[in-house]
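*Asks:* Using the sequences and the hints, build the whole thing.
Sequence order for the protein chains is A and B. Take the first sequence: its position 201, counting from 1, is numbered 201 in full-length UniProt numbering, and each next residue is one higher. Take the second sequence: its position 298, counting from 1, is numbered 298 in full-length UniProt numbering, and each next residue is one higher.
Read the hints as simulated data drawn from the structure, not as lab findings. Hints may be right or wrong, so weigh each one.
Claimed, not checked - Where chain B lies over chain A, by a calculated footprint (3+ residues, C-beta under 8 Å):
(1) 52-62
(2) 114-123
(3) 231-239
Each residue gets a CB set at the ideal place from its N, CA and C atoms; glycine is no exception.
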Amino acid sequence: MERRWLVYPYHIWMLLFTVVPLALIFYFAFTVKGTYAFTLENIQQAASPVYLKVLWHSVWLAAVSTFACFIIGYPMAMILATCRVKYRNMLVVITIIPMWMNFLLRTYAWMTLLEKKGLINTVLSFFNIAPLQLLYTDGAVLLGMVYNFLPFMILPIYSVLMKMDRSLLEAAGDLGADAWTSFRRVTFPLSLPGVYAGMLMVFMPAVTTFVISRLLGGGQYMLIGNVIEQQFLAIGDWNFGSALSVFMMILIIISMALLSRYNKNGNGGMLL
Amino acid sequence: MKKIVKFLCVAMVCVIGAALLTGCGGEKKTAQRELKVYNWGDFIAPDVLKDFEKETGIHVIYDTFATNEDMYVKVKSGGSDYDVAVPSEYMIKRMIKEGLVEKIDTSKLSNYKEIGDQYKNLPYDPKNEYSIPYMWGTLGIIYNKKMVTEPVDSWGMLWNKKYSKQIFMLDSPRDSIGIALKYLGYSMNTVNEKELDAAANKLIEQKPLVLAYVVDEVKDKMIAGEGAMALVWSGDAMFMKEKNPDLEYAIPKEGTNLWFDSMVILKGTKHMAEAEEFLNFMTRPDIAKRNVEYIGYATPLPSVQKQLDEAVQKDIAAYPAADILKNTEVFDDLGDNLPKYDKAWTKVKVAQ
Numbered sequence: 001m002e003r004r005w006l007v008y009p010y011h012i013w014m015l016l017f018t019v020v021p022l023a024l025i026f027y028f029a030f031t032v033k034g035t036y037a038f039t040l041e042n043i044q045q046a047a048s049p050v051y052l053k054v055l056w057h058s059v060w061l062a063a064v065s066t067f068a069c070f071i072i073g074y075p076m077a078m079i080l081a082t083c084r085v086k087y088r089n090m091l092v093v094i095t096i097i098p099m100w101m102n103f104l105l106r107t108y109a110w111m112t113l114l115e116k117k118g119l120i121n122t123v124l125s126f127f128n129i130a131p132l133q134l135l136y137t138d139g140a141v142l143l144g145m146v147y148n149f150l151p152f153m154i155l156p157i158y159s160v161l162m163k164m165d166r167s168l169l170e171a172a173g174d175l176g177a178d179a180w181t182s183f184r185r186v187t188f189p190l191s192l193p194g195v196y197a198g199m200l201m202v203f204m205p206a207v208t209t210f211v212i213s214r215l216l217g218g219g220q221y222m223l224i225g226n227v228i229e230q231q232f233l234a235i236g237d238w239n240f241g242s243a244l245s246v247f248m249m250i251l252i253i254i255s256m257a258l259l260s261r262y263n264k265n266g267n268g269g270m271l272l
Numbered sequence: 001m002k003k004i005v006k007f008l009c010v011a012m013v014c015v016i017g018a019a020l021l022t023g024c025g026g027e028k029k030t031a032q033r034e035l036k037v038y039n040w041g042d043f044i045a046p047d048v049l050k051d052f053e054k055e056t057g058i059h060v061i062y063d064t065f066a067t068n069e070d071m072y073v074k075v076k077s078g079g080s081d082y083d084v085a086v087p088s089e090y091m092i093k094r095m096i097k098e099g100l101v102e103k104i105d106t107s108k109l110s111n112y113k114e115i116g117d118q119y120k121n122l123p124y125d126p127k128n129e130y131s132i133p134y135m136w137g138t139l140g141i142i143y144n145k146k147m148v149t150e151p152v153d154s155w156g157m158l159w160n161k162k163y164s165k166q167i168f169m170l171d172s173p174r175d176s177i178g179i180a181l182k183y184l185g186y187s188m189n190t191v192n193e194k195e196l197d198a199a200a201n202k203l204i205e206q207k208p209l210v211l212a213y214v215v216d217e218v219k220d221k222m223i224a225g226e227g228a229m230a231l232v233w234s235g236d237a238m239f240m241k242e243k244n245p246d247l248e249y250a251i252p253k254e255g256t257n258l259w260f261d262s263m264v265i266l267k268g269t270k271h272m273a274e275a276e277e278f279l280n281f282m283t284r285p286d287i288a289k290r291n292v293e294y295i296g297y298a299t300p301l302p303s304v305q306k307q308l309d310e311a312v313q314k315d316i317a318a319y320p321a322a323d324i325l326k327n328t329e330v331f332d333d334l335g336d337n338l339p340k341y342d343k344a345w346t347k348v349k350v351a352q
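*Replies:* Dropping the structure here:
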């Protein structure tokens, strides 16, 4: 009882940096620029075909990169979880280390690797392969997303796999299941909470990114994050920018609701 | 665990407390004369501020911004209390309209007469009441002489299929749509939706040829020979030419954009006298020369222009001849029509 004051900083934090900004975004989204008048126009404009197309492209790219992260990340999480304790910590650190470096720097590094006179094309030219257009393509954006967000997929899956009861696998073996069957029937279903958490943690930043698409996509592919950024910084139409953000938020809430439907008993993987 | 939580709480209280205290601390130094200046990044010669402080005894607090829009948001929101800023012309017009800038009494600026008449009383500030020109320049095409063989004399070069995937465009709606409008023979300040639509379609037609829409990265890319042509501002062109002699700058015959970055005094300043001294100091020929030599854009002081290297004076990237300038347009503040450009640009960017 006497320690209740300990939660006050948390409440103040939540109020100042979550509730108030959210309220402001909703306020801007539903008012006419420069006035207090209520309007649905911003939302209607956000739902117009041009922006829906951008949104669709963003969701599509984010979904593909999430799937790619899953395909690459799951085996890596398995390796981490099953390798000898001696190496495990080192491998985990290696997985996390890139996250300690500045995100922008890592993305810039890819630019110099991918450009026409970059490292990859220089190596290719030794084998007499004509320079490929690698930078400023959809592929480059995908690569940037997968590279940057992969740890967010690996870590939740790894933490769930680590907590799994090994004796279940032994039991499966005793009952005659081979390695594949016990993975399919025991390990994978038990790791699903981690997979869902990982998918959410990759999908969210991927769908809202504007830096990766601008640097590696060369501004050729406008994602919803770029549109929102432009509204706020270049155009100065905070109301429409907020409406787009609200649209975005609804999308994220829906995807979270969908995932949590499949994740009813899974609290294990949720790191957030 | 409890200990950690307690520690974090104490740490947080300390941080917030310290932040509040430093916030108050700044107010106390009233004895010294002060001036808060807000300028573009890398837009002043080194030591100029130090010399100003030495000569006048005014302490300068100097901050920089990256885009007009960043600057505008900060000034508009209040809390920043800057005295002097250096926005571009269309932003100055907007700030005049919104009452964010003070009138300048040019009779108090002894160096005001140094500024060339052609740089005074321009559309964004018709009576030159609010702004003192600092730098100016144009928008044009930089091209690599080793890759581009034809003469670059028209915006149409940026639509030349021969250079597919070797062209960089500016990721900036007003500039990229602006040159498309110019190419089609319209004004860069049009608010006619049909004309904007035509420009957007022109840019969509160009899109397959464009390698990327960039802003600052264009410098590295063109210097490294990653592209054949790029739409750039003249000051950046000077910088690139210096780093890579294969590059050349051209201003197309259809005409282009002429832009100004000018000094303004912000509304509500408590340091009017200091601000005037600063503006006058920056307009003094010896100081203006140091700035222009360092920055590489063009100076509005004819006396300074005459003192520069002959090569620089004749370089059209820095000082286009009068007949080229005849065809130029200065960006107007579009006010409520700006979203039309955004819409057109979004249409271009989402086209496949």
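*Asks:* All hints, please: hold or fail.
*Replies:* Cross-check of the supplied hints:
1. 52-62: Held - the stretch 52-62 of chain A has 3 residues with a Cβ nearer than 8 Å to chain B, which meets the minimum of three.
2. 114-123: It holds: at least three residues are needed, and the stretch 114-123 of chain A offers 3 whose Cβ sits within less than 8 Å of chain B.
3. 231-239: holds (count 6)
Every hint from the earlier list agrees with this structure, and none is contradicted.
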